[in-house]
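Student: Two independent chains are provided; combine them into the complex using the hints.
Protein chains in written order, with the numbering used here: chain A, 1 to 267; chain B, 1 to 248.
Rather than coming from a laboratory, the hints here were simulated on the basis of the structure. It is possible that some hints are incorrect.
Claimed, not checked - Computed, partial: chain B to chain A, Cβ under 10 Å: (1) His11; (2) Ile58; (3) Tyr108; (4) Lys149; (5) Asn153; (6) Arg154; (7) Leu159; (8) Leu225.
Note that the Cβ used here is the ideal one computed from N, Cα and C, for glycine as well.
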Amino acid sequence: MTRPAMRRIWGLLYRHLVLYRRSWPRLLELCYWPVLQMCIWGFTARFLMARIGSPAALAGATLLGGVLLWEVALRSQMGVALSFLEEMWSRNLGHIFVSPMRPWELVSAMIIMSMIRMFAGIIPAIAVAWLLYAYNLFALGPVLALFFMNLMIMGWAVALGVVSLILRHGAGAEALAWSVLFGLTPFSAVFYPVSVLPHALQPVALALPSAHVFEGMRAIVLNGVVRWDHLAAAFALNAVWLAAAAVLFARQFRQARLRGALISIGE
Amino acid sequence: MPAHMDAIEVHGLTKRYGETLAVDAIEFAVPAGATVGLLGGNGAGKTTTIAMLLGLLIPSAGRIHVLGYDMARDRFAALARMNFSSPYVSLPQRLSVAENLRVYGHLYNVNGLEGRLAELAGELDLGELLDRPAGKLSAGQKTRVALAKALINRPEVLLLDEPTASLDPDTGDWVRTWLEHYRDESGCTILLASHNMAEVERLCSRVLMLKQGRIVDQGSPPELLDRYGRQDMEEVFLDIARNRRRAA
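Just chain B, same shape as in the assembly (with noise of 0.2 Å):
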């Protein structure tokens, strides 16, 4: 996809259910080749509108477009030009780490299968582990393992919820630097839905301030925090999230 293209558009992007409303009316835009992060305390809306942009929730009014693709018509064909990662979604825990990445090599029609499996293992460091089932593996190591099931298909846009949420610092880091580098090599687009203050920080070009189903604010890093007045994002995040009136 051409660099100058928005490779994610929203356009009015609601969700309801019965009375509440989840997601209000939201619109955004992502170039191709960025990372954005959508931040949000816990029900402000983020994994409402990640499920709407994977489809698999419908909005109750709005349009998105992933690569090009009306999600509401051609959903399959932009979904094979994607991938997700959350490690609230499990792999199958009986199958070998590698057995579960051939089910989704083929899901994703990946050509070469074997050969991609070696070079995710070999990026990944997942050697030792492709032959033991994936519920018997450490936090970081499924962190590891769901990350090669996500970049299997070599996604255009990934979809990132909480991709360090319960990794030790180290993991954690190792996971940042990690996704740094696939993105500034491939030139993939990513949207990212933390809390980890430092990792919407240190990866994202933008931020995307959603609170109760609207984004009340955005900007790069470097400008949330001027147009706070503060040192660090999760300040930011404080202000936000408590109402507190912009220092500047």
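The shape of chain A in the complex, shown without the other chains (with noise of 0.2 Å):
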């Protein structure tokens, strides 16, 4: 990479950047809802423990790795999403596109502001999850790190599509952008094993990357076992996932240079 292209990057992360600094709702909202959902579900979790006893506990830690986790996959693809809808918000996307930026280094720029916005959120709700519920997410192990690239890369890959529907359908499709991943939920086997979704679902569920670092997380959590084959299958989905995000959003952008939707994204 070129320094110029270094800088181009850099620019855009420093416009995120500043906002932050001065701030404080704005850096209380990206930890509030993750820390929010763990208290909930841990509060879940201890009050099954005190009726049903230990086989609860190992639900529980499935439970709140599951909300933690997905909340990785979450914060990844809203962050995206919010880079690009920050941008169209304040009218300034018209003045980017003129810019030498190159779509590509706008995307990096994005999907690094992802990875700050989704560790500002998540560390919060680790620390509480540990300190309440004495849950330590770390405890999964090295492949942890596995799991957290894996939801990471498929919420890049969600919100890529997010944005080039955004480019096709102007402001109109921003609600996506908080919608999108929870409508796949329930096919990405968070809270239960795939097999417990009708059979004609479990291939839809199977498709999904997250599906699989889920059924992972789960042979750790109770049969102390690292599924490789799982992991393996969630990077591959990946790069199908992000691959398609990728060629999609060229297109998009394209059309959008040909329809001259550049010049009135988010009026």
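Tutor: Quick look at the structure:
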């Protein structure tokens, strides 16, 4: 990567980071939802343990692990989509697209920003899980890094799809930034195994990288084994998803330049 | 760029949206260091032409060369040496003026960025505004900041879309004087879209009159005044807009 390319990426990161530097509500918003989720599901798990006893301990661990890891995907997706929407809302996209910034540099900046946003949201939630419920996510072992990586990539792929739809349909598609990944939750096997789903829906679930990550997580928590087959499937599926999203983004960006949508996007 | 070369060359430039022809096979060249006005009523094709020159919009047909670069193939090389200002495109409102300028300094890979900021603050009288959020500025202050953004990379080609729209006469005159000064000092090529005929008469060495996507007339302001037998460019504009016959 050339120095000018790195400076352009840094320029866009700087644009978003200075907003956080002086706005505590923005900083709070980053971790508010993950911490709230952790509180709700943590107390639920504690209640179940008190009623059912030790069998619920394992269920509680998979529940809390599921909540935390699913937030990784959600925050990664929203992080990319929000960076794009912030530019659209401030009617700044016109200036960015007439600068020498290449589309891939824009996407790189949004991805780095999403990682910053995701870690800023997830780390307090992990701390809350440990402090309030003595749940240590890092007990999953070094493989946790691979789970994180897969869920982040899936989030970016979905976000690129959302940004493509915003380029295609304008501000009318922005609600998808908040809702689209929630729609995949039932098929991602976050809180239950894929086998629980009806047979017809299981192939849908297995086409999602997230379902393989959560099957892998449960295998560690319940059986103490690392399911490398699920991890390999998650990486392979992510490669396909990310490539498809990149093609969709490139195509919609070109279509937006053909239709003149970059001039009026957000209006 | 050598003064005898054309900084902008446009050949057969066409933009079609379905059945609508927004720009119809226009041809023009802007010599290096010149200021050329793009005039026309609403919907004449000025903004579409500027958007194509900036690479925001892909033409349906035709070729654009800016500073010798083919915009269809090397637009990023050209964009690094160009810039653009329009009152219709904002800067992030919550960022301070200095932060906004730093963002664009990085996007344009400006060397000695803090020095350039200080230089622009001095030239455009932005000293007291640097720490204020861009969203809390008056229209005149915003125009000065937009100009600072447009000049951050010392562009060789500057595209201005109605640079003095919604400004009071005093501020508008200040901006025009400053643009004259900058052009004379830097040798920058300027393409100016405007509805302000006095501005065009004062700044432009040549004017392209656009109507329904076509260049219907062109020449220097004195040539056009003489051709239409008019006293000012506003009357020339009205003659063309209303299809009045030429007086001479």
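Student: Now tell me, hint by hint, if it's right for this structure.
Tutor: Right, here's what the structure says about each hint:
1. His11: With a minimum Cβ separation of about 20 Å from chain A (threshold 10 Å), the hint on B:His11 is violated.
2. Ile58: Since chain A brings a Cβ to about 5 Å from B:Ile58, closer than 10 Å, the hint holds.
3. Tyr108: It holds, given that the least Cβ distance between B:Tyr108 and chain A is near 6 Å, below 10 Å.
4. Lys149: Because about 7 Å separates B:Lys149 from the closest Cβ in chain A, which is inside the 10 Å limit, the hint holds.
5. Asn153: Where the cut-off is 10 Å and the nearest Cβ of chain A is about 9 Å from B:Asn153, the hint holds.
6. Arg154: violated (14 Å)
7. Leu159: With a minimum Cβ separation of about 8 Å from chain A (threshold 10 Å), the hint on B:Leu159 holds.
8. Leu225: Interface hint status for B:Leu225: violated (33 Å vs cutoff 10 Å).
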